[in-house]
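Trainee: Single-letter residue listing:
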Amino acid sequence: MTDLRIASIPRGKAVTIIVNGLACTAFEGETLHAALLAAGYRGLRKSPQTGQSRGIFCGMGVCYDCLVTIDGVPNQRACMTPVENGMEIQVDA
Amino acid sequence: MHKRYDVVIVGSGLAGLAAADLLDRHNLKVLVVDDNAHTGGQLVRTFPGAGVAHRGFEPDRLKRRGRWLAAVLRNRPVRFLNGSQVLGLYPEGALLVEDRRRRISEYRTQTVILATGTREKYLPFEGWTLPGVLSTGAAQILMKSSGILPGINTLIGGSSPLMFVLAAEILTNGGRVHAVLDQSKASRKLQILKMGPSVLPKVLEGVFYLIRLAAARVPVRQGIRIVAARGRRELEAVIAARVDSSGHIIPGTEQTYSTDTLAVGHGFAPNIELPLQAGCAVAYAADRGGWFVAVDSSMATSVPGIYAVGEATGIAGAGKSFIEGRMAALNILFEKGRIARPVYAERTRALICRHRHEVRYGRFLNMACRTSADAYADIPDKTTICRCEEITLGDVRRQISNGFTSLKGIKMATRCGMGRCQGRTCGPILFDLISSLAGQPPTEIGCNSSRAPVKTVALGSLEGIESKAATTHSGWANAPKMEERYEHPLT
Numbered sequence: 001m002t003d004l005r006i007a008s009i010p011r012g013k014a015v016t017i018i019v020n021g022l023a024c025t026a027f028e029g030e031t032l033h034a035a036l037l038a039a040g041y042r043g044l045r046k047s048p049q050t051g052q053s054r055g056i057f058c059g060m061g062v063c064y065d066c067l068v069t070i071d072g073v074p075n076q077r078a079c080m081t082p083v084e085n086g087m088e089i090q091v092d093a
Numbered sequence: 001m002h003k004r005y006d007v008v009i010v011g012s013g014l015a016g017l018a019a020a021d022l023l024d025r026h027n028l029k030v031l032v033v034d035d036n037a038h039t040g041g042q043l044v045r046t047f048p049g050a051g052v053a054h055r056g057f058e059p060d061r062l063k064r065r066g067r068w069l070a071a072v073l074r075n076r077p078v079r080f081l082n083g084s085q086v087l088g089l090y091p092e093g094a095l096l097v098e099d100r101r102r103r104i105s106e107y108r109t110q111t112v113i114l115a116t117g118t119r120e121k122y123l124p125f126e127g128w129t130l131p132g133v134l135s136t137g138a139a140q141i142l143m144k145s146s147g148i149l150p151g152i153n154t155l156i157g158g159s160s161p162l163m164f165v166l167a168a169e170i171l172t173n174g175g176r177v178h179a180v181l182d183q184s185k186a187s188r189k190l191q192i193l194k195m196g197p198s199v200l201p202k203v204l205e206g207v208f209y210l211i212r213l214a215a216a217r218v219p220v221r222q223g224i225r226i227v228a229a230r231g232r233r234e235l236e237a238v239i240a241a242r243v244d245s246s247g248h249i250i251p252g253t254e255q256t257y258s259t260d261t262l263a264v265g266h267g268f269a270p271n272i273e274l275p276l277q278a279g280c281a282v283a284y285a286a287d288r289g290g291w292f293v294a295v296d297s298s299m300a301t302s303v304p305g306i307y308a309v310g311e312a313t314g315i316a317g318a319g320k321s322f323i324e325g326r327m328a329a330l331n332i333l334f335e336k337g338r339i340a341r342p343v344y345a346e347r348t349r350a351l352i353c354r355h356r357h358e359v360r361y362g363r364f365l366n367m368a369c370r371t372s373a374d375a376y377a378d379i380p381d382k383t384t385i386c387r388c389e390e391i392t393l394g395d396v397r398r399q400i401s402n403g404f405t406s407l408k409g410i411k412m413a414t415r416c417g418m419g420r421c422q423g424r425t426c427g428p429i430l431f432d433l434i435s436s437l438a439g440q441p442p443t444e445i446g447c448n449s450s451r452a453p454v455k456t457v458a459l460g461s462l463e464g465i466e467s468k469a470a471t472t473h474s475g476w477a478n479a480p481k482m483e484e485r486y487e488h489p490l491t
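Taken in order, these protein sequences are the chains called A and B. By my numbering, the letter at position 54 of the first sequence is numbered 54, and the numbering carries on one by one without gaps. By my numbering, the letter at position 192 of the second sequence is numbered 192, and the numbering carries on one by one without gaps.
Next up, chain A with everything else stripped away, as it sits in the complex (with noise of 0.2 Å):
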């Protein structure tokens, strides 16, 4: 798998969060749903109507798309949560 990750910008602290029981590595300071985006989710959730996958559209916190569950928590946009380490994230791939 390419790595998305601008390899000239330099991270911060790695930390791990734990995707459909998966661990997987973030930096600290990247958004959730761009962590996810590198790790290669690209669906986040199904669309409740027709079942198709969704993922990230605006980027923004406007459409609520990129929702997933963060620790138990449902329908967290992803694209407003900064990684936290230890953080479980459920992705209805």
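Just so you know, the hints here were simulated from the structure itself, not pulled from any lab data. Please read all numbers here as calculations on a predicted model, not as lab measurements. Idealized CB from N, CA, C, for every residue including glycine. It is possible that part of the hints are untrue.
[Stated by the list, open to error] With beta-carbon atoms standing in for the labels, derived distance ranges:
{"no.": "1", "chain 1": "B", "residue 1": "Lys29", "chain 2": "A", "residue 2": "Gly51", "range": "31 to 39 Å"}
{"no.": "2", "chain 1": "B", "residue 1": "Glu254", "chain 2": "A", "residue 2": "Val73", "range": "24 to 32 Å"}
{"no.": "3", "chain 1": "B", "residue 1": "Pro441", "chain 2": "A", "residue 2": "Pro74", "range": "55 to 63 Å"}
{"no.": "4", "chain 1": "B", "residue 1": "Lys29", "chain 2": "A", "residue 2": "Gly40", "range": "12 to 20 Å"}
{"no.": "5", "chain 1": "A", "residue 1": "Gln49", "chain 2": "B", "residue 2": "Ser436", "range": "25 to 33 Å"}
{"no.": "6", "chain 1": "A", "residue 1": "Thr25", "chain 2": "B", "residue 2": "Ala186", "range": "39 to 47 Å"}
{"no.": "7", "chain 1": "B", "residue 1": "Gly196", "chain 2": "A", "residue 2": "Thr16", "range": "51 to 59 Å"}
{"no.": "8", "chain 1": "B", "residue 1": "Leu190", "chain 2": "A", "residue 2": "Lys46", "range": "54 to 62 Å"}
On the provided structure of chain A, position chain B as indicated by the hints.
Mentor: Here is chain B on its own, set in the frame of chain A:
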């Protein structure tokens, strides 16, 4: 923790920061609320993990100023509430705010500045809901705020002026750009020269971007429109075709681009939801991006004690935002007796001239990225219009011909605008659609009415709110106040 402030500012973008800075320097007690984790709004975004030293020199003067203000103000008495959303504004100056721990509190003030900013607009196409299709803003934010490329080889399309900036930024960050497909024609852009020599810096900037893309061998095509996005579960390919001068797709000119990432954008719309809920009057102008908050020459809205500044009063970019933040602050200082009339008059006069120029530039930009009414005719019935509720264009067309020719009517008949985003995404699209099919004037098409909570909130957060204001005033400002004739006093 203090709950009472001299001024509460909603939004920490350039407009909000410009106001906070000036008010604080005159010792007013200021609170700034922003739903983002960072301070600075959409323009001032940096990757916190990279450390200050790496940030490098920012060529854009306004961004530089914004970054500086965002940093400096954190060491001043101004209080910042980040990751917090304003759910509603109530009479007697009460604001209901949900913080990032999902606790709701009431804040009180005599003066509110709404610097709620902007969001992107879109022209829908088949498959635009596929993962892999994202907005030009989303692509920029991924890079600016998290240092992550939107894709390996990003295709960029639409009519947004941001497209070229995005392409250049991707290249700078070591990514690849498949192509830039600009829906409008070069001739439309050259009209900017009519504005005179003052726009030369911006023209040169545009030319610079084009040279940069040419040097990197990124194809830039004018007059090309996205027809469809294809893929089984995620984006795999994009179909685009040439358009004629009215934006109609020319059959037989379709080309397929193999890509897993497409960034699209068609301009910007003001965020008027909180101003509407607060009872502020709005007006419509295509050259301001759509519905915007109506203000007088001191940035005061139709509600006493509430000001609106920045993109919320009309899309025109950072220059106007900064100026308007200052103007509102100056008026507040004058009204509170902190500065004398001659000082107020002199400083305001200096700002008004620049303001006029920024608004003119904004008008040009908004008209340059506008989609013609005819363009909607090409979109197939099965295309999703309301992403939240999955309502198709066919459903909407049917109801428009049944006589539902207002946003409110379409909402009742189809559920468009009832989902989580509350019409923020589909609203501008529906407006244009109704306009093209039924030809109603703006005030008859209307805008989505806005009630508290203005942003989605969990039921659990509502438990045990202690707010006399919120529990006393239900249905305040039920119907949007739309001005039929609005002449901006400063232009």
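Trainee: None of the hints should be skipped; say for each whether it holds.
Mentor: Okay, the hints, checked on the actual structure:
One distance hint, 31 to 39 Å for the beta-carbon pair Lys29(B) and Gly51(A), is violated here, with the actual separation near 51 Å. Taking the beta carbon of each, Glu254(B) and Val73(A) are about 44 Å apart, not inside 24 to 32 Å as hinted. Taking 55 to 63 Å as the suggested C-beta distance range, the pair Pro441(B) and Pro74(A) does not conform, at roughly 42 Å. Restraint check, Lys29(B) to Gly40(A): a C-beta distance of roughly 47 Å breaks the suggested window 12 to 20 Å.
Taken as a hint, the range 25 to 33 Å holds for the pair Gln49(A) and Ser436(B), whose Cβ atoms sit roughly 26 Å apart. Distance hint check: the CB atoms of Thr25(A) and Ala186(B) are about 45 Å apart, consistent with the given range 39 to 47 Å. Gly196(B) and Thr16(A) have their C-beta atoms about 56 Å apart, which keeps the hinted 51 to 59 Å range intact. At about 46 Å, the CB distance of Leu190(B) to Lys46(A) disagrees with the hint of 54 to 62 Å.
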